[in-house]
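Once you have looked at the hints, place chain V on chain R.
Given next are the chains, with one letter for each unit.
Number of protein chains: 2
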Amino acid sequence: MPDPVRISVDGMGGDFAPQNIVSGCVQAASEYEVQLILVGIESQIRAELSKHSAIPGRIEVVDASEIVAMNEQATVAVRKKRNSSMRVTVDIASRGDADGIISAGNTGAMYATVKMTVGAIPGVDRLPLATFVPHPKGRSIVLDVGANVDCKPDHLLEFALMGSVYAEEVLSIPTPKIGLLNIGEEEKKGNDLTKETFPLLKNSGLNFVGNIDGYGLFAGMADVVVCDGFIGNIALKSSESLVETILHVLEKEIEEQPRIASLLTKYFDYSEYGGAPLLGARIPSIICHGRSSPKAIKNAVRVAVEFCRNNVNERIHKRLERMHSDNSQQLAQ
Amino acid sequence: MPDPVRISVDGMGGDFAPQNIVSGCVQAASEYEVQLILVGIESQIRAELSKHSAIPGRIEVVDASEIVAMNEQATVAVRKKRNSSMRVTVDIASRGDADGIISAGNTGAMYATVKMTVGAIPGVDRLPLATFVPHPKGRSIVLDVGANVDCKPDHLLEFALMGSVYAEEVLSIPTPKIGLLNIGEEEKKGNDLTKETFPLLKNSGLNFVGNIDGYGLFAGMADVVVCDGFIGNIALKSSESLVETILHVLEKEIEEQPRIASLLTKYFDYSEYGGAPLLGARIPSIICHGRSSPKAIKNAVRVAVEFCRNNVNERIHKRLERMHSDNSQQLAQ
Numbered sequence: 012m013p014d015p016v017r018i019s020v021d022g023m024g025g026d027f028a029p030q031n032i033v034s035g036c037v038q039a040a041s042e043y044e045v046q047l048i049l050v051g052i053e054s055q056i057r058a059e060l061s062k063h064s065a066i067p068g069r070i071e072v073v074d075a076s077e078i079v080a081m082n083e084q085a086t087v088a089v090r091k092k093r094n095s096s097m098r099v100t101v102d103i104a105s106r107g108d109a110d111g112i113i114s115a116g117n118t119g120a121m122y123a124t125v126k127m128t129v130g131a132i133p134g135v136d137r138l139p140l141a142t143f144v145p146h147p148k149g150r151s152i153v154l155d156v157g158a159n160v161d162c163k164p165d166h167l168l169e170f171a172l173m174g175s176v177y178a179e180e181v182l183s184i185p186t187p188k189i190g191l192l193n194i195g196e197e198e199k200k201g202n203d204l205t206k207e208t209f210p211l212l213k214n215s216g217l218n219f220v221g222n223i224d225g226y227g228l229f230a231g232m233a234d235v236v237v238c239d240g241f242i243g244n245i246a247l248k249s250s251e252s253l254v255e256t257i258l259h260v261l262e263k264e265i266e267e268q269p270r271i272a273s274l275l276t277k278y279f280d281y282s283e284y285g286g287a288p289l290l291g292a293r294i295p296s297i298i299c300h301g302r303s304s305p306k307a308i309k310n311a312v313r314v315a316v317e318f319c320r321n322n323v324n325e326r327i328h329k330r331l332e333r334m335h336s337d338n339s340q341q342l343a344q
Numbered sequence: 012m013p014d015p016v017r018i019s020v021d022g023m024g025g026d027f028a029p030q031n032i033v034s035g036c037v038q039a040a041s042e043y044e045v046q047l048i049l050v051g052i053e054s055q056i057r058a059e060l061s062k063h064s065a066i067p068g069r070i071e072v073v074d075a076s077e078i079v080a081m082n083e084q085a086t087v088a089v090r091k092k093r094n095s096s097m098r099v100t101v102d103i104a105s106r107g108d109a110d111g112i113i114s115a116g117n118t119g120a121m122y123a124t125v126k127m128t129v130g131a132i133p134g135v136d137r138l139p140l141a142t143f144v145p146h147p148k149g150r151s152i153v154l155d156v157g158a159n160v161d162c163k164p165d166h167l168l169e170f171a172l173m174g175s176v177y178a179e180e181v182l183s184i185p186t187p188k189i190g191l192l193n194i195g196e197e198e199k200k201g202n203d204l205t206k207e208t209f210p211l212l213k214n215s216g217l218n219f220v221g222n223i224d225g226y227g228l229f230a231g232m233a234d235v236v237v238c239d240g241f242i243g244n245i246a247l248k249s250s251e252s253l254v255e256t257i258l259h260v261l262e263k264e265i266e267e268q269p270r271i272a273s274l275l276t277k278y279f280d281y282s283e284y285g286g287a288p289l290l291g292a293r294i295p296s297i298i299c300h301g302r303s304s305p306k307a308i309k310n311a312v313r314v315a316v317e318f319c320r321n322n323v324n325e326r327i328h329k330r331l332e333r334m335h336s337d338n339s340q341q342l343a344q
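Protein chains in written order, with the numbering used here: chain R, 12 to 344; chain V, 12 to 344.
If you're looking for bench data, these hints aren't it; they were derived computationally from the structure.
Take the hints with a grain of salt, since some may be wrong.
Quick list of the computed label-pair ranges, beta carbon to beta carbon [as the list claims (entries may be wrong)]:
| no. | chain 1 | residue 1 | chain 2 | residue 2 | range |
| --- | --- | --- | --- | --- | --- |
| 1 | R | 263 | V | 322 | 37 to 43 angstroms |
| 2 | V | 338 | R | 196 | 39 to 45 angstroms |
| 3 | R | 80 | V | 270 | 53 to 59 angstroms |
| 4 | V | 214 | R | 42 | 53 to 59 angstroms |
| 5 | R | 107 | V | 198 | 36 to 42 angstroms |
| 6 | R | 163 | V | 251 | 27 to 33 angstroms |
| 7 | R | 42 | V | 283 | 51 to 57 angstroms |
| 8 | V | 91 | R | 269 | 52 to 58 angstroms |
| 9 | V | 214 | R | 165 | 33 to 39 angstroms |
| 10 | V | 338 | R | 53 | 43 to 49 angstroms |
Negatives, chain V to chain R, calculated, CB over 10 angstroms [stated by the list, open to error]:
| no. | residue |
| --- | --- |
| 11 | 42 |
| 12 | 123 |
| 13 | 246 |
For lysine-lysine, the following BS3-like pairs were computed, each having C-alpha atoms within a straight-line distance of at most 30 angstroms [what the hints assert, rightly or not]:
| no. | chain 1 | residue 1 | chain 2 | residue 2 |
| --- | --- | --- | --- | --- |
| 14 | V | 206 | R | 126 |
| 15 | V | 163 | R | 199 |
| 16 | V | 126 | V | 91 |
| 17 | R | 248 | R | 200 |
| 18 | R | 188 | V | 248 |
| 19 | V | 248 | R | 248 |
| 20 | V | 248 | R | 148 |
| 21 | R | 213 | V | 163 |
| 22 | V | 277 | R | 248 |
| 23 | R | 199 | V | 248 |
| 24 | R | 263 | V | 248 |
| 25 | V | 263 | R | 148 |
| 26 | R | 91 | V | 206 |
| 27 | V | 277 | R | 213 |
| 28 | R | 148 | R | 200 |
| 29 | R | 163 | V | 199 |
| 30 | R | 248 | V | 148 |
| 31 | V | 199 | R | 91 |
| 32 | R | 163 | V | 206 |
| 33 | R | 206 | V | 148 |
| 34 | V | 206 | R | 206 |
| 35 | R | 199 | V | 91 |
Just so it is clear, CB atoms sit at the ideal spot from N, CA and C, and this is done for glycine as well.
Isolated chain R (complex conformation) (with noise of 0.2 angstroms):
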């Protein structure tokens, strides 16, 4: 890998876009050892970059000519607009021209155009996104979150061992709890997935600490909490609404009621982890927020530049190689 890492980011993606994916770039490669590839409407974005007193050498400017809007269809927009700042920013690192690759901008089109055009690590099946749900400790990684809705046991598996990688790797928790999120904590309880992916997370070699039930999910019973992409998208976005429903409860009746709301803003700040790691993709790739931060970009740039750095996709790989075979020889014997 070239020193220092490369990251191809989408200057156009995301709600506050060019600002605040520029801003944060800007932040980024004055703190961090990295080359920034900024793609975009290059007027837009110089424009935005001179409004930064001090620019960087290390960022570099793509000009790409179309926006896929948040709310466009993915298929559309990967089949149609070539020329988005979407699609080159992945397009360069594709390539080969930069080793990591960020965009805030409409997630599914995001993840449809990393998984066709990137592809997944040989050896990887699905490719899960992850995000982070707070506990009183810190934060437990969840994946699958949305992109693939209908798993098997193996999908699961191989989910588990991603997270426990990225854990280990980007989070720096040695030995990652892996829980099963289900609807109990005995080993029997559960529907057909998740029935037969409990032996399979037993005898994994990860920490495997058992189910994790809905009560537990907010309770950092585990690291990583392994569902498939429906129950995951699900659970997340009840809670995400729950939050706001709680504070239209209290806006009402509570003089403190913005300090309530910022209390919770910062426990459930995500922007520290710099958004959400699709795991799997044959290059690292994370999708922020549409609504990110500048400060939530540049931690995306910190957290792509250790996921580049401390070979997460090589390490998953050979973990991989390493269960198959493991699994061959059992079979074998």
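Frame of chain R; chain V shown alone:
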């Protein structure tokens, strides 16, 4: 149906039994036209009754020597404790001596007992457990929330129909809006189950308003939200735990925390709704929260009486028959 409606109540079920159960029953018997059969260890039930100055004549006590523990395995409870207060409560209704059933005991055991000894309304395939989630203007029914973890599209259709009849007859909502819990609102979104269920609901004659995503769950987008028990259980439990998490976050920082806790408790308070109806069972059955207050038990009695008096089960049966005959006609055409 004899007048007044007769409800058998498990006097020993729940974390605060028999105290809260007896107290709720005494209140209910004074307020409503109902005959109550209180089942449990007779000396304990009578001791609780004696604490109330005016004991209405409409409470009868039936002795049962055993108690199903809150954490006892459901199958063991059903098989081995033939003389538990729960089992006797259900048996009384099963042999025709009561019109409805209430227990605040072990949910799994109560569900299994009703399913095995009472059985389903003819034509009903699965018995969903329903619960209520708050929204700014009231409550939505969500079903199933844990009883049926692997469902087929026909099951979700059945749940929708039963939830709709319940909302009409017990909650007095004229044409309840039915939503399908999903990862997005567009028709084509979802996993295999929801994609196959969508057209069934669309052609069901119910007031189907489409998919409801996680964000919509607490927004009152539908009066009845349908999902399989796996997703319902996790969405509900994780939301419950999130409310607790939020109270912990605020506990250290906010002076008004006790007032916040009381506001949130009030918002999320289900006691007005009297517990979770177990829909599709041949005899109206209500499973109350283990921590039910006397008020919750009183309201459970009110709900059970309406459940019986408004012929919910008969209407479910007729509507199912009509739906099945419509389907046969469509197939024949």
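Structure-inconsistent hints, enumerated in ascending order: 3, 10, 13, 27, 33
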